Each structure stands twice: as structure tokens, then as C-alpha cells.
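Chains A and B, in that order, are what the protein sequence lines are. Going left to right, the first sequence walks through residues 29 to 358 as the numbering used here numbers them. Going left to right, the second sequence walks through residues 29 to 358 as the numbering used here numbers them.
Source of the hints: derived by calculation from the structure; they are not laboratory data. Treat the numbers as computed from the prediction; the structure is a model and nothing was measured. Check before you lean on any hint, since a few could be wrong.
When chains are identical, the list treats them as one kind, so a pair holds in a single copy or across two.
Straight line, CA to CA, 30 Å or less: simulated DSSO-like cross-link-like pairs of lysine-lysine [stated by the list, open to error]:
{"hint": "1", "residue 1": "Lys102", "residue 2": "Lys222"}
{"hint": "2", "residue 1": "Lys264", "residue 2": "Lys216"}
{"hint": "3", "residue 1": "Lys216", "residue 2": "Lys58"}
{"hint": "4", "residue 1": "Lys216", "residue 2": "Lys148"}
{"hint": "5", "residue 1": "Lys123", "residue 2": "Lys148"}
{"hint": "6", "residue 1": "Lys279", "residue 2": "Lys297"}
{"hint": "7", "residue 1": "Lys264", "residue 2": "Lys222"}
{"hint": "8", "residue 1": "Lys216", "residue 2": "Lys102"}
{"hint": "9", "residue 1": "Lys297", "residue 2": "Lys179"}
{"hint": "10", "residue 1": "Lys123", "residue 2": "Lys230"}
{"hint": "11", "residue 1": "Lys108", "residue 2": "Lys216"}
{"hint": "12", "residue 1": "Lys302", "residue 2": "Lys288"}
{"hint": "13", "residue 1": "Lys120", "residue 2": "Lys179"}
{"hint": "14", "residue 1": "Lys222", "residue 2": "Lys288"}
{"hint": "15", "residue 1": "Lys264", "residue 2": "Lys302"}
{"hint": "16", "residue 1": "Lys216", "residue 2": "Lys179"}
{"hint": "17", "residue 1": "Lys230", "residue 2": "Lys278"}
{"hint": "18", "residue 1": "Lys264", "residue 2": "Lys297"}
{"hint": "19", "residue 1": "Lys102", "residue 2": "Lys343"}
{"hint": "20", "residue 1": "Lys58", "residue 2": "Lys264"}
Each chain is listed here by its residues.
Protein chains: 2
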Amino acid sequence: MNFVVDSMGGDNAPEVIVEGAIQAIKKLEKDDIITLVGDSERVGSILKEYGYRDHRIMIVHASDVITNDEAPVKAVRRKKDSSIVKGLNLVKDGKGDVFMSAGSTGAVLAGGLLILGRIKGVDRPTLASLYPVIGHEPSLIADAGANAECKPRNLLEFAKMGSIYMEKVLGRENPTVGLINNGTEEGKGTSLTKEAYELLEKSELNFVGNIETRELQNAVADVIITDGFTGNAVIKLTEGLGLMVLREIKKMYLDSPRTKVGALFVQDKLRNLKHQFDYKEYGGAPILGVKGAVLKMHGSSDAVAVRQTILKSRKYVEEDVVGIITEAIR
Amino acid sequence: MNFVVDSMGGDNAPEVIVEGAIQAIKKLEKDDIITLVGDSERVGSILKEYGYRDHRIMIVHASDVITNDEAPVKAVRRKKDSSIVKGLNLVKDGKGDVFMSAGSTGAVLAGGLLILGRIKGVDRPTLASLYPVIGHEPSLIADAGANAECKPRNLLEFAKMGSIYMEKVLGRENPTVGLINNGTEEGKGTSLTKEAYELLEKSELNFVGNIETRELQNAVADVIITDGFTGNAVIKLTEGLGLMVLREIKKMYLDSPRTKVGALFVQDKLRNLKHQFDYKEYGGAPILGVKGAVLKMHGSSDAVAVRQTILKSRKYVEEDVVGIITEAIR
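Use the sequences and the hints to build the structure in full.
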């Protein structure tokens, strides 16, 4: 397999991207390769720094970078030599198997649509994000922010594509699907959620009904369906609250010699809690509904996150998620 | 002042409601009274149990109760002798100054609309909820769930009414107003948030722009504006995550004799963190935009929550929030 990685995207690029690739290649199979797309001089010098000289990490030069501040569609159309456009073209041309980037979410989405194209019958591709559930396996939230405004049929599509991803990539058999709503009873919600409920109810999916966000930490469904505005709010709020809790716990323990002693008794457990909250472990967020395997990594990804995304993307390709979605949506 | 309290609403009614009233009356002024609306026999027997015999807690008998399962508007129309309908009528007739209930949110909202009526010029009254910000004073979220679908002008109204409440009741001078959106830059969002942004920008309010939910714990704005679907999702997710964190920390400490010892070093601080997360301390959520002071208490309120809501409702009345909103919206 050829894992194509945007080496210029994210807060800590290209350093952590290259470092993550070096970590990943050691765990990949003998005939796997990683293609780093980006400024070949900078990427090359980092590889050199790490003393890496194997041929299994290749560089494809891209002279341009799309930043977070640029209008995505315009940037993808104009910056033909950007790492995102070049990386996606490698997948489109069959030279790469999966593309991943920690760069501009908008640009990765726009690139997926414009370069790879939508799968036939899919109205709106979705960004699906793994969501930490403490003490359980993660859920998958779709849409996680790609489509702020949705129609009911979009939510049904997200549910179909998300279920396939959960089953094939995360091995969740016959995954349950829940719809975020402002009450659990049928008939609750906005016109969007009411109509989506009916579509999901009639579908062949394992639909378990409405769920309130209060229940998200109780592992109520494998696949959590919502519009991208709400999905974005849920994911970012979870991140913000997670950071706040960790900050408060740290503050609590650093308060005095006495509390510092207290910390020693539970530090392993605290580390474990932090670990579970950490998006980095889960690998990137797939963009489902485009004609190719694409993953968006968190902008603040470190080398471990990059490594995990590369390693966990194997099943996305090997299980032919894109092909199965194509069949299912037809 | 006469504080009118629905003694039949909430998970633990009427016991905790009566208990909360007894706690509150001790801290109120000499000429204040509390009117408990509900089953006079049950309420009377609880008062007796507590040995309460002062005349400053009065009972107004209501033979009926509106439950959470009933269709709110229909229930308010039909159950003339319910505690919610009777309590609101006391305020409408000028016999009570403020009404509060831990019962059905929908019924309190519908009752506010049907019995007290909308303030002239207000399109949609809003349920505004105080939102815990750890280490800071709380923010106010409007709408907290009364209006799942909103027009841009509704969000502007919520902002105006919420700002007045924050200034008059919580003493927050020239309160800042933020709009929940899926990005901080102007021009981000759905058609609703884009148009609401423009209205807020042009208003005389202290508008600080878009805010992402990731920032809610950083005290970015005093008044947080959003549609009721998103507001509901944010508040319930915060509750769910708060409960999860407390559960995990408890589990962590109960794990072994060693960790139990660790807990002793920080238990005061943990209690303080829990306390800050606790909605109970903040008093109820005002329904702004109706012709009278109305507060919705959390369904799981205990006696402390009831007491706090009664005590904190004084300013809502004394500062004439309803009158000021009436002037401001005109």
C-alpha cells in the first residue's frame, strides 16, 4: 500500500508529520510505502536529521501550501502545486491508496469533492469523526462539521456511510445508529430531525432512535448522526471541556506540597483518563462519500497522531470502504 | 414580595420543594411570603413534618399536576386546576411577584405564553439558562431549548433580553454577547448565524462576535446566543460530560486503598470542582419575553436548588426586568 501524507498541513508541520511517518514505517509491512507530499528540501532535511535513509518513505515535491485562512474552493482551484491538491491527485490517479492531511479542513473537503469527486448518488459527502466515550470504544459522529446545513436525506446518507465505516474499519458488527435530538421521544425536534427520524426508521440500518447529548458518554450508539453545525458544536465543546477538566485537575494537584503528594497516588489513572480523552489515539476523521480514501487529521496533531492515522487507515483501504459505499448508495 | 412556587413539579416534588421553601423563608425579609401551589394536604403534611407553622409560607390548593409526558399547550388549556396554571394566574393577577417550577419545561413555557402573554414586540420568548464556567462567573445561554427553530431576529431578541437579565439580576455591567458558530471569523456559519451576526453587529449590544463551543469554558462572553436546538445540545452535553468526569474521578479514587489515601489529599478541591459544575447553585432559568417573572428549575432540583432559586429571584422582580425588556423591545 501507498499511504499519501500531506507533510505541510497542521500546526506543527512538516516536523511532526515527517516524524510520524518515520514512526509508522517501522510498523508497516515490508512492501508498504509512505509518500510525503510537500517542500522536498524541508522534508528531506528532517528525514536526514532523523537519520532516515530507507527508500520506503518517498517525497513528492509540492511548492505550495493551502492555509486555514484561504477560501477552500478557490484555493484548491488555484493552487495546483499545493500539497493537498497534489496528494489528492496521486490517489485519483491510482498512484496512492489513501490521502491524509492535518491542513485546512475546508480545503481537504473541497479537494475531495473537486479532485476525487462524489460517489454517484451521494448528495453530500460527510466528515465523520471518532468521538471519545470514556470507558468504552469511541462512537463515530457524522457530520462532524462539513455540512453546516443539511436536508433529511443527507442525514440518512451520513448514517449509511458511517455505519459502513464503523463496521469495516472498526469492526463494530451491525453498528447502532442514533440521531442527536432535543428529546428522546419520537416526534421531538426540528423539521430536519423529525423527517430524518422517519427516514432512519424506515431504513435497513440498526437505528436506535433519538439521543440527547447528555447520553453521549453512555455509549448509546456506535454512529451518532447530526447536522454539521451541531456536530461541530458537540465535538468542540467536548474538546474544550476535556481541556478544562485536565487543567483544573492539574491546578488542583500543583496547589500545595500536600496535594502534590496526593497526585502520586493516582497519576497513572489520571494519565489514562487523559489518554482516553485524546483524539490523537483514534486516527483521523474519514471523508466519506468521495471516490477515494481521505482522512482529515486534527490541526494540532503530533507525531503519534500522524503515526496512528497512517496505521489505522489500512483497513479503510483494504476493506474497500469506498467500494462498499458506492454499492450501498446506488 | 410574594414568591410563588409550584410545589408539584420536578423529580422530587413536593418534598424537596417544601423543604427548599422552608430553608428560603429563613433568609428572606420579614414581609416576604412564599406561596406553595399544589396538593394542600401533601404540602401541609410536609410542612408539619418539618415543624413549620409560621404564616409566611402559604398554600394555594391545586388539585391537578401537569406531567412531563403531556402535550404542553393542550395540558395548560385543559388542566385549569394544575399547579402550573394556578401559579401563573397568581402572577398574572398581581397576587404573586414571580413564579417558579421544576415541572415540565414545555408546560411552563406554554403557560407563560398562554396565561401571562408575550411582551409586545417579542416574537419568541426565550428560556435562558446560566451556564457554569469553571473558575469564573457563569455565562447565560439563550436560547436554552425553548425554540428549536429560530429566525435571525429571534436571536437578536434573545441577546437583548439576555443582556438585560445579566445586567440587572447578575450585576454584569455592559455584558458581552457572543454568537455560537462553527468558526470565529465573520461570514462563517449557516444562513441563520450569518444573518444573526449582522443584526447583532448593527445593534447597540456589546457584541464580541462568533464564538466556538471550544471556548465556552474560557469565559469569552457573558451572554451566549444560539438557537434552542444547539443550546439544548450544549447544556445537556456539558451536564453529561460533567457527570462522567465526576464518576471517573470517583472510580479512580475508590480503586484501591492506595488511591483512597490519595483522595484525602484533594477531597476539598474535588468537592469545589463538583460544586462549580453544579447547576443547582445558580438558581433557575428565566423565561424572558413574557409579561411576568417566571423561572424554570431543573427537574432534578433538590432543596438547595429550590432555596437558591427563590432567593436569587428577588432581583428579577426588584430590578423590574420585565418592565425594562418591555421598554427595550418596543
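Taking the hints in turn, this is what the structure says about them:
1. Lys102 with Lys222: between (35 Å within a copy, 21 Å between copies)
2. Lys264 with Lys216: Both: 25 Å inside a copy, 16 Å across copies.
3. Lys216 with Lys58: So Lys216 and Lys58 fail the 30 Å test inside a copy (53 Å) and across (45 Å) alike.
4. Lys216 with Lys148: between (32 Å within a copy, 29 Å between copies)
5. Lys123 with Lys148: Result: close within a single copy only, 22 Å intra versus 66 Å inter.
6. Lys279 with Lys297: Close inside one copy (17 Å) and across copies (10 Å); limit 30 Å.
7. Lys264 with Lys222: both (25 Å within a copy, 20 Å between copies)
8. Lys216 with Lys102: Close across copies (16 Å), not inside one copy (39 Å); limit 30 Å.
9. Lys297 with Lys179: Answer is neither: 43 Å inside a copy and 47 Å across each miss the 30 Å cutoff.
10. Lys123 with Lys230: Close neither inside one copy (40 Å) nor across copies (52 Å); limit 30 Å.
11. Lys108 with Lys216: Close across copies (25 Å), not inside one copy (47 Å); limit 30 Å.
12. Lys302 with Lys288: both (18 Å within a copy, 20 Å between copies)
13. Lys120 with Lys179: within (29 Å within a copy, 42 Å between copies)
14. Lys222 with Lys288: Result: close neither inside a copy nor across copies, 51 Å intra and 48 Å inter.
15. Lys264 with Lys302: So Lys264 and Lys302 pass the 30 Å test inside a copy (16 Å) and across (22 Å) alike.
16. Lys216 with Lys179: both (17 Å within a copy, 19 Å between copies)
17. Lys230 with Lys278: Neither way: Lys230 and Lys278 sit 48 Å apart in one copy and 42 Å across, limit 30 Å.
18. Lys264 with Lys297: So Lys264 and Lys297 pass the 30 Å test inside a copy (24 Å) and across (26 Å) alike.
19. Lys102 with Lys343: For Lys102 and Lys343, the Cα distance exceeds 30 Å both inside one copy (32 Å) and across copies (53 Å).
20. Lys58 with Lys264: neither (38 Å within a copy, 48 Å between copies)
Checked against the numbered hints above, the structure breaks hints 3, 9, 10, 14, 17, 19 and 20 and satisfies the rest.
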